[in-house]
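Visitor: Sequence order for the protein chains is A and B. Heads up: the first sequence begins at 16 in the numbering used here, then just goes up one per residue. Heads up: the second sequence begins at 16 in the numbering used here, then just goes up one per residue.
Warning: the hint list may mix true and false statements.
Simulated pairs of lysine to aspartate or glutamate, EDC-like, Cα-Cα distance not exceeding 20 Å [to be verified]:
#	chain 1	residue 1	chain 2	residue 2
1	B	Lys84	A	Glu56
2	B	Lys82	B	Asp168
3	A	Lys84	B	Asp168
4	B	Lys29	B	Asp43
5	B	Lys82	A	Glu56
6	B	Lys51	B	Asp62
7	A	Lys84	B	Glu56
8	B	Lys82	A	Asp149
9	B	Lys166	A	Glu163
10	B	Lys42	B	Glu163
11	A	Lys82	B	Glu163
12	B	Lys84	A	Glu49
13	B	Lys115	A	Asp62
14	B	Lys42	A	Glu156
15	B	Lys80	A	Asp149
16	B	Lys45	B	Asp149
17	A	Lys165	A	Glu56
18	B	Lys45	A	Glu49
19	B	Lys80	A	Asp89
20	A	Lys82	B	Asp149
21	B	Lys80	A	Glu56
22	B	Lys82	A	Asp89
23	A	Lys45	B	Glu163
24	A	Lys80	B	Glu114
25	A	Lys151	B	Asp62
26	A	Lys115	B	Asp149
27	A	Lys42	B	Asp168
The set of hints was computed from the structure by calculation and includes no laboratory data. Model, not experiment: these values are computed from the prediction.
Protein chains: 2
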Amino acid sequence: MNIETIGLVHSPFKQVEGVPIQPTAAKDVKGTIEIKQQFAEGLSDLDGFSHIVVLFGFHLSTGCKLKVKPFLDDNLRGVFSTRAPNRPSQIGLSIVTLEKVKGRTLHISGMDMIDGTPILDIKPYLPMLNPNGDIKIGWLENAHRQFEHKKADGRML
Amino acid sequence: MNIETIGLVHSPFKQVEGVPIQPTAAKDVKGTIEIKQQFAEGLSDLDGFSHIVVLFGFHLSTGCKLKVKPFLDDNLRGVFSTRAPNRPSQIGLSIVTLEKVKGRTLHISGMDMIDGTPILDIKPYLPMLNPNGDIKIGWLENAHRQFEHKKADGRML
């Protein structure tokens with residue numbers, strides 16, 4: 016099974032502290048993803064999509080913790096019930112707005128990634144693959160409204 | 016940056032041909048994900064969530080193609096505008112229903128993964144992180160209704 020860095024993020028965020036913890040908190044933040052020349056052909060047809068799913072490496076994460084204090088909570092939670100970076104596989108997921116594709120540069124808004132973040136994969140965002148009906152969000156039921164204004168601090172380093 | 020296989024899929028699908036191409040086509044298909052003992056502690060608090068995002072390895076994918084014929088189309092498309100397995104980083108993404116957590120076994124429905132698939136990460140599904148407003152889905156605009164009944168064939172091998 017192959018894992019490649021297909022490109023790199025250019026972002027106004029140069030360090031972890033102060034980064035929005037999800038694109039919903041960074042709607043107006045713009046940045047680019049530059050895809051490596053050898054993978055540029057794979058960008059065909061992407062310009063028809065308004066949103067993309069970005070898989071990236073938490074390259075500043077310094078290790079794995081199975082219980083973490085999430086940014087939205089002060090209780091220890093199992094890492095798989097959180098989006099925290101200190102995961103066994105240090106893969107992050109952001110759904111961002113694709114403003115335009117210019118050559119091998121993706122112009123995006125909703126940037127919540129740090130400058131220099133390695134990109135592992137780009138997938139089209141397809142709302143019809145989202146579940147319908149009753150959706151339960153566990154411990155985030157009370158905390159999730161904070162996504163929109165909470166910033167990262169040093170706790171995950 | 017660390018990538019770990021945190022567990023394995025047990026699924027009724029033993030080969031690629033005939034597998035539903037997304038969980039939306041596999042709503043009633045049940046299976047389990049068995050998390051390795053050393054990562055089991057990370058499952059705390061997950062049982063409060065009704066749906067999870069599963070990142071897995073396309074372990075049967077035999078290589079990378081930058082232009083692919085998707086299951087839903089007979090035109091060649093840039094791989095990043097598709098969910099096809101022949102990607103530079105062979106990482107798949109499925110949003111499935113978490114029926115229950117029993118020890119280190121996740122009972123799920125909406126199983127569209129092949130038996131033996133390696134699991135890289137589990138994240139909580141959080142609908143408030145989905146984009147709102149006008150969403151464009153490019154070449155899939157006409158094809159996406161087939162997600163619900165289309166099965167995989169041998170074209171990606």
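Visitor: Does each hint hold? Answer for all of them.
Guide: Taking the hints in turn, this is what the structure says about them:
| no. | hint | result |
| --- | --- | --- |
| 1 | Lys84(B) / Glu56(A) | holds (14 Å) |
| 2 | Lys82(B) / Asp168(B) | holds (17 Å) |
| 3 | Lys84(A) / Asp168(B) | violated (44 Å) |
| 4 | Lys29(B) / Asp43(B) | holds (17 Å) |
| 5 | Lys82(B) / Glu56(A) | holds (7 Å) |
| 6 | Lys51(B) / Asp62(B) | holds (17 Å) |
| 7 | Lys84(A) / Glu56(B) | holds (14 Å) |
| 8 | Lys82(B) / Asp149(A) | violated (37 Å) |
| 9 | Lys166(B) / Glu163(A) | violated (39 Å) |
| 10 | Lys42(B) / Glu163(B) | holds (9 Å) |
| 11 | Lys82(A) / Glu163(B) | violated (37 Å) |
| 12 | Lys84(B) / Glu49(A) | violated (25 Å) |
| 13 | Lys115(B) / Asp62(A) | violated (39 Å) |
| 14 | Lys42(B) / Glu156(A) | violated (25 Å) |
| 15 | Lys80(B) / Asp149(A) | violated (38 Å) |
| 16 | Lys45(B) / Asp149(B) | violated (33 Å) |
| 17 | Lys165(A) / Glu56(A) | violated (37 Å) |
| 18 | Lys45(B) / Glu49(A) | violated (39 Å) |
| 19 | Lys80(B) / Asp89(A) | violated (45 Å) |
| 20 | Lys82(A) / Asp149(B) | violated (38 Å) |
| 21 | Lys80(B) / Glu56(A) | holds (10 Å) |
| 22 | Lys82(B) / Asp89(A) | violated (46 Å) |
| 23 | Lys45(A) / Glu163(B) | violated (35 Å) |
| 24 | Lys80(A) / Glu114(B) | violated (25 Å) |
| 25 | Lys151(A) / Asp62(B) | holds (10 Å) |
| 26 | Lys115(A) / Asp149(B) | holds (15 Å) |
| 27 | Lys42(A) / Asp168(B) | violated (39 Å) |
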